[in-house]
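Use these hints to put chain L onto chain B, whose structure you have.
There are 2 protein chains.
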Amino acid sequence: MAFEIAMWHIFQFPLCPFSRKVRLLMGEKGIAYELQTARPWEGEDRLFEMNPAGRTPVVRETERGTVIVDSRAICEYFEETVDRNPQISGTAVQRAEIRRLIAMFDENFYHDVSGPLLHERMKKRLVLRQSPDAKILRESMKLAHDYLDYIDYLIDNRPWLAGATMTLADLAAAAQISVADYLGGLDWSSHEQARGWYLVMKSRPSFRPLLSERMEVIQPPSHYAEVDA
Amino acid sequence: MAFEIAMWHIFQFPLCPFSRKVRLLMGEKGIAYELQTARPWEGEDRLFEMNPAGRTPVVRETERGTVIVDSRAICEYFEETVDRNPQISGTAVQRAEIRRLIAMFDENFYHDVSGPLLHERMKKRLVLRQSPDAKILRESMKLAHDYLDYIDYLIDNRPWLAGATMTLADLAAAAQISVADYLGGLDWSSHEQARGWYLVMKSRPSFRPLLSERMEVIQPPSHYAEVDA
Numbered sequence: 000m001a002f003e004i005a006m007w008h009i010f011q012f013p014l015c016p017f018s019r020k021v022r023l024l025m026g027e028k029g030i031a032y033e034l035q036t037a038r039p040w041e042g043e044d045r046l047f048e049m050n051p052a053g054r055t056p057v058v059r060e061t062e063r064g065t066v067i068v069d070s071r072a073i074c075e076y077f078e079e080t081v082d083r084n085p086q087i088s089g090t091a092v093q094r095a096e097i098r099r100l101i102a103m104f105d106e107n108f109y110h111d112v113s114g115p116l117l118h119e120r121m122k123k124r125l126v127l128r129q130s131p132d133a134k135i136l137r138e139s140m141k142l143a144h145d146y147l148d149y150i151d152y153l154i155d156n157r158p159w160l161a162g163a164t165m166t167l168a169d170l171a172a173a174a175q176i177s178v179a180d181y182l183g184g185l186d187w188s189s190h191e192q193a194r195g196w197y198l199v200m201k202s203r204p205s206f207r208p209l210l211s212e213r214m215e216v217i218q219p220p221s222h223y224a225e226v227d228a
Numbered sequence: 000m001a002f003e004i005a006m007w008h009i010f011q012f013p014l015c016p017f018s019r020k021v022r023l024l025m026g027e028k029g030i031a032y033e034l035q036t037a038r039p040w041e042g043e044d045r046l047f048e049m050n051p052a053g054r055t056p057v058v059r060e061t062e063r064g065t066v067i068v069d070s071r072a073i074c075e076y077f078e079e080t081v082d083r084n085p086q087i088s089g090t091a092v093q094r095a096e097i098r099r100l101i102a103m104f105d106e107n108f109y110h111d112v113s114g115p116l117l118h119e120r121m122k123k124r125l126v127l128r129q130s131p132d133a134k135i136l137r138e139s140m141k142l143a144h145d146y147l148d149y150i151d152y153l154i155d156n157r158p159w160l161a162g163a164t165m166t167l168a169d170l171a172a173a174a175q176i177s178v179a180d181y182l183g184g185l186d187w188s189s190h191e192q193a194r195g196w197y198l199v200m201k202s203r204p205s206f207r208p209l210l211s212e213r214m215e216v217i218q219p220p221s222h223y224a225e226v227d228a
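Respectively, the protein sequence lines represent chains B and L.
Numbered according to numbering that gives the first Met the number 0, the first sequence spans residues 0 to 228.
Numbered according to numbering that gives the first Met the number 0, the second sequence spans residues 0 to 228.
Looking at chain B on its own, in the form it has when it is part of the complex:
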């Protein structure tokens, strides 16, 4: 009898922060995955057939054909089905704190920082063939400071963003931050606690595959993939 190994495919593109969060979670939990490129801005049928919302990431399991859509639904799914290395852990109040921070980075940080950077530095270059708007870049870098300040504050009070252990909040924040950092949108000076926390995150084996990837003609700054302070 053949022994079938479930294999997950992640439909994503290298600078999708939500796909990065899912990849980090799967890496931490030791769930094997293969990457499939999906570019939401090209309106491919394949992506829309799996996800009517037309967004990345989507994960599909090859054996049974199970398709899971939406990065938070995917993370909750793996958390419920794979016990190893729980990332939404603790009491109900602690789990709420983890999910609060996930929402802050998935929604607010993406809206204020990584989303505008992706639009100005990736979409305008690859799709619209326009130059980035310097005013929008400055505004997103200014807002990024507030988030790094908030991480400084959290790390002054806790070992990890949501409390005593590393959780999905750290992975969600690091995923968004890694995209902003790739696109040159972060100034780490005067953010020692945030910088120290992020260096630890970058050093994790789950992070290595992300740091070595490049998005076509767009190059990250030299410090992007460095894991030594």
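Just so you know, the hints here were simulated from the structure itself, not pulled from any lab data.
Careful, some of the hints might be misleading.
[Unchecked claim] 30 angstroms max Cα-Cα, derived BS3-like pairs, lysine-lysine:
| # | chain 1 | residue 1 | chain 2 | residue 2 |
| --- | --- | --- | --- | --- |
| 1 | B | K134 | L | K28 |
| 2 | L | K201 | B | K123 |
| 3 | L | K123 | B | K141 |
| 4 | B | K28 | B | K123 |
[As the list claims (entries may be wrong)] Sample of chain B residues with no beta-carbon within 12 angstroms of chain L, all distances over it, derived:
| # | residue |
| --- | --- |
| 5 | L34 |
| 6 | N50 |
| 7 | A72 |
| 8 | R99 |
| 9 | A102 |
| 10 | H110 |
| 11 | Q192 |
| 12 | L210 |
[Claimed, not checked] Output of the computed footprint for chain L on chain B, the stretches with three or more beta carbons under 8 angstroms from beta carbons of chain L:
| # | stretch |
| --- | --- |
| 13 | 61–71 |
| 14 | 76–84 |
| 15 | 122–129 |
From the three backbone atoms N, C-alpha and C, an ideal C-beta is built for every residue, glycine too.
Quick look at chain L alone, frame taken from chain B:
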């Protein structure tokens, strides 16, 4: 010995679709709550002290002072702590489908329909003292059709949005839709399945307190609170 009853306060405003979702969930689960008005656009210290992201809803329990932030974190919290009438139920795959639809209405529908309607019809009237932009209103009403089409399609195939039972997906969708409907952004003609589903939702006891509320000078269309077809 005094017998203390835990009481939750919800910090919200009447047309906040995310607060409506939380109120519907608490209503369905039989969790008592009192309303506290919070207006994110006024930048009140009280809201920002509880939620650095400055958003509604926030819930606070009076006895222990527990504060839970972010509408999805709040719903997961009550789902984990109150067993009665589960709203994120079933297998892991079914739970993922519920969460996919919650994300679609919380994120996509809000971005395309209820968010622009709130900006044009509420914020411009109450805060900015401007007239709504007719082009944006037309575009959001056009996009609303696509979502009502999708609900028609789901209800053609399932009794409820996510499957065989009512879930948080129905509550999240009805919460967003009720705000769009209040603001006159929905044309229900040619959406019989969606209309039938929404009439059932409006008839639930959990929905009644929402339908009777009014947001200051802004009045809903006459059909808004009707529960008879």
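A quick look at each hint next to the structure:
no. : hint               : verdict
1   : B/K134 with L/K28  : 48 angstroms, violated
2   : L/K201 with B/K123 : 44 angstroms, violated
3   : L/K123 with B/K141 : 26 angstroms, holds
4   : B/K28 with B/K123  : 35 angstroms, violated
5   : L34                : 20 angstroms, holds
6   : N50                : 8 angstroms, violated
7   : A72                : 4 angstroms, violated
8   : R99                : 5 angstroms, violated
9   : A102               : 4 angstroms, violated
10  : H110               : 10 angstroms, violated
11  : Q192               : 16 angstroms, holds
12  : L210               : 28 angstroms, holds
13  : 61–71              : holds (count 5)
14  : 76–84              : holds (count 3)
15  : 122–129            : violated (count 0)
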